[in-house]
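> The lines below spell out each chain.
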Amino acid sequence: MNPEPSPPAVLCRGLRKVYDGGHGIFRKPSPSVVAVDGLDLEIQRGECFGLLGPNGSGKTTTVEMIEGLLAPTAGEVELLGRRWGGDDAKLRERMGVALQETYLPEKLTVAELLTLFRSFYPKPRPLAALLADVELEEKQSAWVGKLSGGQRQRLAIACALVGEPEILFLDEPTTGLDPQCRRQVWGLVASYRARGGTVVLTTHYMEEAERLCDRVAIVDHGKLVRLGTPAELIAALPGGHVVELEVERNGAALAAEELRALRSVGEAHLSAEGVWSLAVSEPERAAAEALALLERKGLGLARLGTRKASLEDVFVALTGRHLRDG
Amino acid sequence: MAERPARPPNPVVQLTLMRLREMAREPGVLFWVFGFPVLLAIALGVAFRARGPEPVVVGALPGIGSEVRRALAAARVQVKDLDADSAARELRAGRVSLLLLPPAGPEGELGFRFDPARAEARTARAVVNAAVQRAAGQTEPLAVADHEVHEPGSRYIDFLVPGLVAMNLMSGSMWGVAWVIVHMRTRKLLKRFLAAPMKRRHLLYALGLARLLVIPAELLVILAFARVFFSVQVTGSYLALFAVAVAGSASFAAIAIAAASRAQNTETVSGLMNLITMPMFVVSGVFFAYSNFPEALQPVIRALPLTAMCDGMRTVMIDGAGLVDVLPSLVVLALWGVPAFALGLRYFRWS
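Order-wise, the sequence lines are chains Y and X. Numbered as in the working numbering, the first sequence ends at 1021 without a single skipped number. Numbered as in the working numbering, the second sequence ends at 1346 without a single skipped number.
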């Protein structure tokens, strides 16, 4: 659109956030927590960028620092080529935000709430257009408190779209929603992108990141673990396939070393539910080798399955943890 | 302006509407704003209206003669016959104000046993003494005439209603602003508004404005009630009354903003509010005149915002004052409100 090279949508350099431990008079002193530990990010305009990580990995803190809602302890943030601390109101008019959890005023109707948000912007999107965006036309006179979880989330996104933002931040937009509501939210994101918008979202759902995001940053303990397109990240996994194995009664009867020692197995991880995930390139051969191992050890097989590798497997391979383990 | 539908809505208007709608759609809030003060006025009004003069109750130990009893009956003094044991107990518990001891000593004098530190005991002694002296033939050397007070304007209820109005406006402003702020903070709504380009001061204006808009309705309900059921009048200027109400509410709203500026949960702010309001409920003269407190405390009590508001309300309602007469109250309220607002805005925490 712009002939001049426009600045990236988001630029972070050495971003760091340390929460001080309590040192008040009444509180017990607690150690300080490093939530974000030296993050570098560059997000291009028009891109859908995903921050992927378990709870407590620093995703929300990162996003809130970019949104100018939290002050970084160190490092730099540029949003749409500008820094926070100048004309902040102008910059806020250009972004839209849906926080991880906002309890919108329950006693207002949908139309009243959107009108309230419209009053904060100089050139707000018309009410009818906003209602149409999120398919809440029929609910415009309903109280916010009477909406379902999915409708409320769509309303939160409508509030973020009020100012026709250039960039939209969605912090865990589909957490706690059923698959159908989740797909509706994905549809919203897609149509916003079709209008030329940039999206930054955090999620711990693999499917969401794979479906929506052009690029994904995997973060853990406040650090960038890996960055790339979903396909690149999955391709970097040894093999690209996964064999899932469940041992009768006790998964811990097998050791990771024993499985890794098998010729066609790259990586092996045991989940909290007792399921072994083996990263492999030839699923049939790996399955046969694993079965032979079980027989040698006199262990019974509860379940065996194979599938293509996903971002979840990438995450497990990189961090040794499952995303949902938190 | 109506011809320009594209004009975006005004943020202060919209935020104020949000508060008014939340209030109107929350039955509990309506009760605390309008119902509670009326109920309190009913309870206290009934308690103090129907009551005649307190009967004097005294205890008689064995040996009190019938002459004394007749004299006391004529003076409408109730006499309970007690033995030595029960007499001590009843006196301690305050169920009798004084004990009559049978005549003793060289001149056979009647004995009064009582605690002079108790007002009702002193009253009982005076009444009993006058009755027995009169029966023994004493006449009053000086003629006196009693003029009893029953007319509106000088009864307890006349004193009480302005105090209740002031107290209610204080509670409404404090809870209606501070609690709402903290509630919005804990639910991340403040953060969400800030992420949208809402101007911080717009929200604070709106919270104050929503309060001020409720004041006329609040005043009207309580004053109309007091007038219809207790014939409580506003003898002075309604403008002055409204000025005190607005200044008081604004001042307490500012104090509320300061109290809520950093509180992270509603428990903290509730405690803080009670800490601020409870002492004023007691000392500022809502239920009884603050002149009962020691002289040394008077300047402190008079400097409190609720005292200023109660005094201002009473000067207007009872003494028939106008705008000029309530200026001292308005000054005290401003001296609390302005610094409190500045402080609150300075330390306000948005998340």
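None of these hints come from the bench; they were simulated from the model. Among the clues, some could well be false.
For each label pair, taking beta carbons as the anchor points, the in silico distance ranges come out as [as the list claims (entries may be wrong)]:
1. Y:Gly935 x X:Arg1020: 52 to 58 Å
2. X:Ala1337 x Y:Lys802: 28 to 34 Å
3. Y:Lys802 x X:Pro1003: 36 to 42 Å
Below, in silico cross-link-like pairs of lysine-lysine (DSBU-like), each with a Cα-Cα straight-line distance of 30 Å or less [stated by the list, open to error]:
4. X:Lys1194 x X:Lys1183
5. X:Lys1183 x Y:Lys918
6. X:Lys1183 x Y:Lys834
7. Y:Lys785 x Y:Lys818
We put the CB at the ideal spot given by N, CA and C, even for glycine.
> Indicate, hint by hint, whether the structure satisfies it.
These are the hints, each one checked on the structure:
For Gly935 (chain Y) and Arg1020 (chain X), the Cβ-Cβ distance of about 56 Å falls inside the hinted range of 52 to 58 Å, so the restraint holds. A hinted range of 28 to 34 Å for the beta carbons of Ala1337 (chain X) and Lys802 (chain Y) is consistent with their spacing of about 31 Å. Remark: the range hint 36 to 42 Å for Lys802 (chain Y) to Pro1003 (chain X) is contradicted by a beta-carbon distance near 23 Å. With a C-alpha separation of about 16 Å, the suggested pairing of Lys1194 (chain X) with Lys1183 (chain X) holds against the 30 Å cut-off.
Proposed proximity of Lys1183 (chain X) and Lys918 (chain Y) is supported: the alpha carbons are some 26 Å apart, at most 30 Å. A distance of roughly 24 Å separates the Cα atoms of Lys1183 (chain X) and Lys834 (chain Y); the hinted pair therefore holds under the 30 Å criterion. Proximity of Lys785 (chain Y) to Lys818 (chain Y) is assessed by CA-CA distance (about 12 Å); at most 30 Å being required, the pair is judged to hold.
Comparing the model with each earlier hint shows a violation of hint 3 alone; every other hint is respected.
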